[in-house]
Amino acid sequence: MKRKLLFGIICLLLTAAMGFAAGQQEGATGDESVTLKVWSWVYSQGEGPVLKAVLQDYRDQNPNVTIEEIDTPWAQAHDKFIVMNQSKDVPQITGVNRNWLTEFVSIGALTDLTPYVESVPGMRDKYYDAVKGEMDGKVWVLPYSGGNAALVYNKKVFAEKGLTPPATLQEFVEVGKILSDPAANKYATQLCIAESNSTGAHVCNYGPVLYSFGGKYLEGKKAAFNSPEGVEALEWMIALEKDLNIAGPGSITVDARAMRESLAGGSSFMNFDGSWGTPFYNKYPEVEIGIAPMPKGASMGTVINIANWGIPAKAKNKDAAWDLLKFIESDENMLRLFEEANVMPCMPKYGELPQFQEKYSGFLITLAESDNFMQTGSVPHESDLYKILVRAYQKAYLGQASAKDALDAAAVEYNKLLDRFYSN
Amino acid sequence: MNLGREAKGYIWVAPMTIVLLLTTLVPVVYILGLGFFENYLPTGRVIWAGLANYRETLSDPLFYKVLGNTAVYVIFSVLLHLAIGLFLAVFLDKRNRFAVLSSGLRVVFIIPWLLSWSVASSIWLLILNPSGVLNSILIGLGLLEDKVAWFGSPDFAMVWIILITAWKAFPFYMMLIYAALTTIPEELYESASIDGANLVQKFYYVSFQSILPTMLTLGVLDIIWSIRQYDIFALTTGGGPLDSTRTLSLHVYSTAFENLRFGLASSQGIMIMLISSLISVFYIRLYSRAEG
Numbered sequence: 001m002k003r004k005l006l007f008g009i010i011c012l013l014l015t016a017a018m019g020f021a022a023g024q025q026e027g028a029t030g031d032e033s034v035t036l037k038v039w040s041w042v043y044s045q046g047e048g049p050v051l052k053a054v055l056q057d058y059r060d061q062n063p064n065v066t067i068e069e070i071d072t073p074w075a076q077a078h079d080k081f082i083v084m085n086q087s088k089d090v091p092q093i094t095g096v097n098r099n100w101l102t103e104f105v106s107i108g109a110l111t112d113l114t115p116y117v118e119s120v121p122g123m124r125d126k127y128y129d130a131v132k133g134e135m136d137g138k139v140w141v142l143p144y145s146g147g148n149a150a151l152v153y154n155k156k157v158f159a160e161k162g163l164t165p166p167a168t169l170q171e172f173v174e175v176g177k178i179l180s181d182p183a184a185n186k187y188a189t190q191l192c193i194a195e196s197n198s199t200g201a202h203v204c205n206y207g208p209v210l211y212s213f214g215g216k217y218l219e220g221k222k223a224a225f226n227s228p229e230g231v232e233a234l235e236w237m238i239a240l241e242k243d244l245n246i247a248g249p250g251s252i253t254v255d256a257r258a259m260r261e262s263l264a265g266g267s268s269f270m271n272f273d274g275s276w277g278t279p280f281y282n283k284y285p286e287v288e289i290g291i292a293p294m295p296k297g298a299s300m301g302t303v304i305n306i307a308n309w310g311i312p313a314k315a316k317n318k319d320a321a322w323d324l325l326k327f328i329e330s331d332e333n334m335l336r337l338f339e340e341a342n343v344m345p346c347m348p349k350y351g352e353l354p355q356f357q358e359k360y361s362g363f364l365i366t367l368a369e370s371d372n373f374m375q376t377g378s379v380p381h382e383s384d385l386y387k388i389l390v391r392a393y394q395k396a397y398l399g400q401a402s403a404k405d406a407l408d409a410a411a412v413e414y415n416k417l418l419d420r421f422y423s424n
Numbered sequence: 001m002n003l004g005r006e007a008k009g010y011i012w013v014a015p016m017t018i019v020l021l022l023t024t025l026v027p028v029v030y031i032l033g034l035g036f037f038e039n040y041l042p043t044g045r046v047i048w049a050g051l052a053n054y055r056e057t058l059s060d061p062l063f064y065k066v067l068g069n070t071a072v073y074v075i076f077s078v079l080l081h082l083a084i085g086l087f088l089a090v091f092l093d094k095r096n097r098f099a100v101l102s103s104g105l106r107v108v109f110i111i112p113w114l115l116s117w118s119v120a121s122s123i124w125l126l127i128l129n130p131s132g133v134l135n136s137i138l139i140g141l142g143l144l145e146d147k148v149a150w151f152g153s154p155d156f157a158m159v160w161i162i163l164i165t166a167w168k169a170f171p172f173y174m175m176l177i178y179a180a181l182t183t184i185p186e187e188l189y190e191s192a193s194i195d196g197a198n199l200v201q202k203f204y205y206v207s208f209q210s211i212l213p214t215m216l217t218l219g220v221l222d223i224i225w226s227i228r229q230y231d232i233f234a235l236t237t238g239g240g241p242l243d244s245t246r247t248l249s250l251h252v253y254s255t256a257f258e259n260l261r262f263g264l265a266s267s268q269g270i271m272i273m274l275i276s277s278l279i280s281v282f283y284i285r286l287y288s289r290a291e292g
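For the record, the sequence lines run as chains A and B.
For the first sequence, the positions run 1 to 424 when this note's numbering is used.
For the second sequence, the positions run 1 to 292 when this note's numbering is used.
Don't read these hints as lab results, they were simulated from the structure.
Remember, it's a predicted structure, so these values are computed and weren't measured experimentally.
Incorrect hints may have been included.
[To be verified] For lysine to any residue, the following SDA-like pairs were computed, each having C-alpha atoms within a straight-line distance of at most 20 Å:
{"no.": "1", "chain 1": "A", "residue 1": "K314", "chain 2": "B", "residue 2": "T43"}
{"no.": "2", "chain 1": "A", "residue 1": "K221", "chain 2": "B", "residue 2": "T43"}
{"no.": "3", "chain 1": "A", "residue 1": "K88", "chain 2": "B", "residue 2": "L41"}
{"no.": "4", "chain 1": "A", "residue 1": "K416", "chain 2": "B", "residue 2": "A49"}
{"no.": "5", "chain 1": "A", "residue 1": "K186", "chain 2": "B", "residue 2": "V133"}
{"no.": "6", "chain 1": "A", "residue 1": "K80", "chain 2": "B", "residue 2": "L41"}
{"no.": "7", "chain 1": "A", "residue 1": "K283", "chain 2": "B", "residue 2": "L126"}
{"no.": "8", "chain 1": "A", "residue 1": "K80", "chain 2": "B", "residue 2": "I31"}
{"no.": "9", "chain 1": "A", "residue 1": "K404", "chain 2": "B", "residue 2": "L144"}
{"no.": "10", "chain 1": "B", "residue 1": "K65", "chain 2": "A", "residue 2": "L398"}
{"no.": "11", "chain 1": "A", "residue 1": "K80", "chain 2": "B", "residue 2": "W117"}
{"no.": "12", "chain 1": "A", "residue 1": "K88", "chain 2": "B", "residue 2": "I31"}
{"no.": "13", "chain 1": "A", "residue 1": "K314", "chain 2": "B", "residue 2": "L144"}
{"no.": "14", "chain 1": "A", "residue 1": "K395", "chain 2": "B", "residue 2": "T43"}
{"no.": "15", "chain 1": "A", "residue 1": "K416", "chain 2": "B", "residue 2": "D60"}
{"no.": "16", "chain 1": "A", "residue 1": "K186", "chain 2": "B", "residue 2": "L144"}
Excised from the complex, chain A in its bound form:
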């Protein structure tokens, strides 16, 4: 019996020792084998194949490096990162959507990349100013894919009907009436305001429309979306579906993906969408997608939103992580992303090339001419803001409150969060 007891204790000690050894291996540096976890939602999106190929190239060039590709669904990515950050089990490189930036920096979740970026000549300045992942003079993340919102439309249908993309919100309604045929379940546009993807609702639809009407989410440290311009924008969006019948039904249950599917499937013909949506259309080469500038209201409004890469503050092996990140963000690999994955360039060096100018003219013109835009990641509690506003939209949409009352109530709710954020 004593021998069995001794055997059991030895087994326990061996198991503990193996666990300790495994823990040590991940933190290894130099020529020793290194494991780098790269966590993102883009693997399962249009950028995925290029990213995987780039990571494979890095593996081939660095046989001592093991890269674990960790895919996460977009809808849960933000919350999963918060959970990971609470533990010490964080990846070496993480996807960071631009609208999480204020929050992630405020909770100390990201590594300041400034010294790394400044060690590479020209790297800090190679991106468009509007997409740089900087706050308080420090570089926190590096942009990867995305851009800004504009009008995505079906070129073939427009050509068949002899239409040109609407330049103003007024023209949007007029063109919409021509394109819509509710009896055949065809609608000029499809809005996506589903609560299950409230970020998509804002960066694709609500934000660009709000800013085109001259409104804003935030003014100083207070909510500003309940301004007269904000009320007008909300009423206009709801009217597109409820009164004018030019937007497909059920916008409060439609997410960004379903909105894109409606355009690809011929149920809608012109949608407010961001350049981050264009890789989706790669799967439908038969649909000729055109990009027009965002139709103007009181302003030419848009939302700039980018998927970025960062290094978590709690990550081990930051130097090795930076080496891989530098490789992903190298000019050569970024050009590959823009060319092969149908991603709008986030670097002027490539954005100015004729093939991209032609392909993304609508986005690029909007970016250049916009006089009222929102850069995601610039307001606190942005995920909450989006959810609060989606619920306000639902209230007005379902007739349970006027647009003004719904937005005023939302402003009270959001201001409470802002007060807590700024008072701490």
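Use these hints to put chain B onto chain A, whose structure you have.
Frame of chain A, contents of chain B only:
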């Protein structure tokens, strides 16, 4: 070293006991403690708050709405799971005339249970979205004129979620009730026949009474699982429209990971645990009575 038999026994179970304590008791104690602190993530500070989190939760009208939504979801989901599970288990029972179809149908019926929640949710989103399969069929048959947003009505969104959950979960209950039915000795049915019992009486007095403990156990488990259900709500409606499908799990999750208030979320989590425990105690007493 001459340890007694009892002492050796304690030594052998000690490692697993320690693991179980670390993985169950420690998180519960941690959450219980955190509920008394204000832990707002952006500040990084943890400040003593006493009962403030509990008071805030109990004075929030949304909490009661969420509680009501959860009750509706739990009651109807559990009833549907058990009812469909029981009906199909009896249908597939070897004593039934349809027994010949049993093995084939069991394989077919179990498919929804094998799917992950994300896959099941995607399937139903494709079916129920305004441009989805259901609208196309109904419009094609002339039963609908316009597309309907099935998840877009606060009155019906929860109904759809309960139906989807029933579709996804019934095979589990069907299989366990079916297994319980197969253990009933044939002699009981023969005795009942001799006593002149008809089909309904045989079902109630022999089948149902024999599987009642299994049904009660499944009921307890299903209540606890349903209270904790998160995936289907997050993946389909996100709690909307107008919070009509916002349940306790979603509410706690949102407080923690969207509002970043971990102390408040902990107090809400403790309340869920208390509610689950009370229901479980009630059910266990019911179970003991049924057994005794």
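Below or equal to 20 Å on CA atoms is what counts here, so check A:K186 against B:V133.
Status holds; Cα separation ~16 Å.
Is the hinted pair A:K395 and B:T43 satisfied, with a Cα-Cα distance of at most 20 Å?
33 Å, violated
Take the C-alpha atoms of A:K404 and B:L144, compute the straight-line distance between them, and say whether it is at most 20 Å.
Between A:K404 and B:L144 the Cα gap is close to 33 Å, so the pair fails against 20 Å, i.e. violated.
If you draw a straight line from the CA of A:K221 to the CA of B:T43, is it 20 Å or shorter?
The given pair, whose Cα atoms are some 17 Å apart, holds under the 20 Å limit.
Holds or violated: are the alpha carbons of A:K88 and B:I31 at most 20 Å from each other?
Status holds; Cα separation ~18 Å.
Can the restraint linking A:K314 and B:T43 be considered satisfied, given a maximum Cα separation of 20 Å?
Roughly 17 Å separates the two Cα atoms, so the pair holds.
Within 20 Å, alpha carbon to alpha carbon, are B:K65 and A:L398?
Since the Cα atoms of B:K65 and A:L398 sit roughly 18 Å apart, the hinted pair holds (cutoff 20 Å).
Quick one, are A:K80 and B:I31 close enough, alpha carbons at most 20 Å?
19 Å, holds
Just to be careful, I want the Cα atoms of A:K88 and B:L41 compared with a cutoff of 20 Å; is the pair within it?
16 Å, holds
Is A:K416 close enough to B:A49, meaning Cα to Cα at most 20 Å?
It holds: about 18 Å lies between the C-alpha atoms, which stays within 20 Å.
Proposed proximity, B:D60 with A:K416 (alpha carbon, max 20 Å)
Holds: A:K416 and B:D60 sit about 14 Å apart, inside 20 Å.
Going straight from one Cα to the other, do A:K186 and B:L144 come out at no more than 20 Å?
Holds. A:K186 to B:L144 sits at ~15 Å (cutoff 20 Å).
When held up to the earlier numbered hints, the structure conflicts with 9, 13, 14 and fits the remainder.
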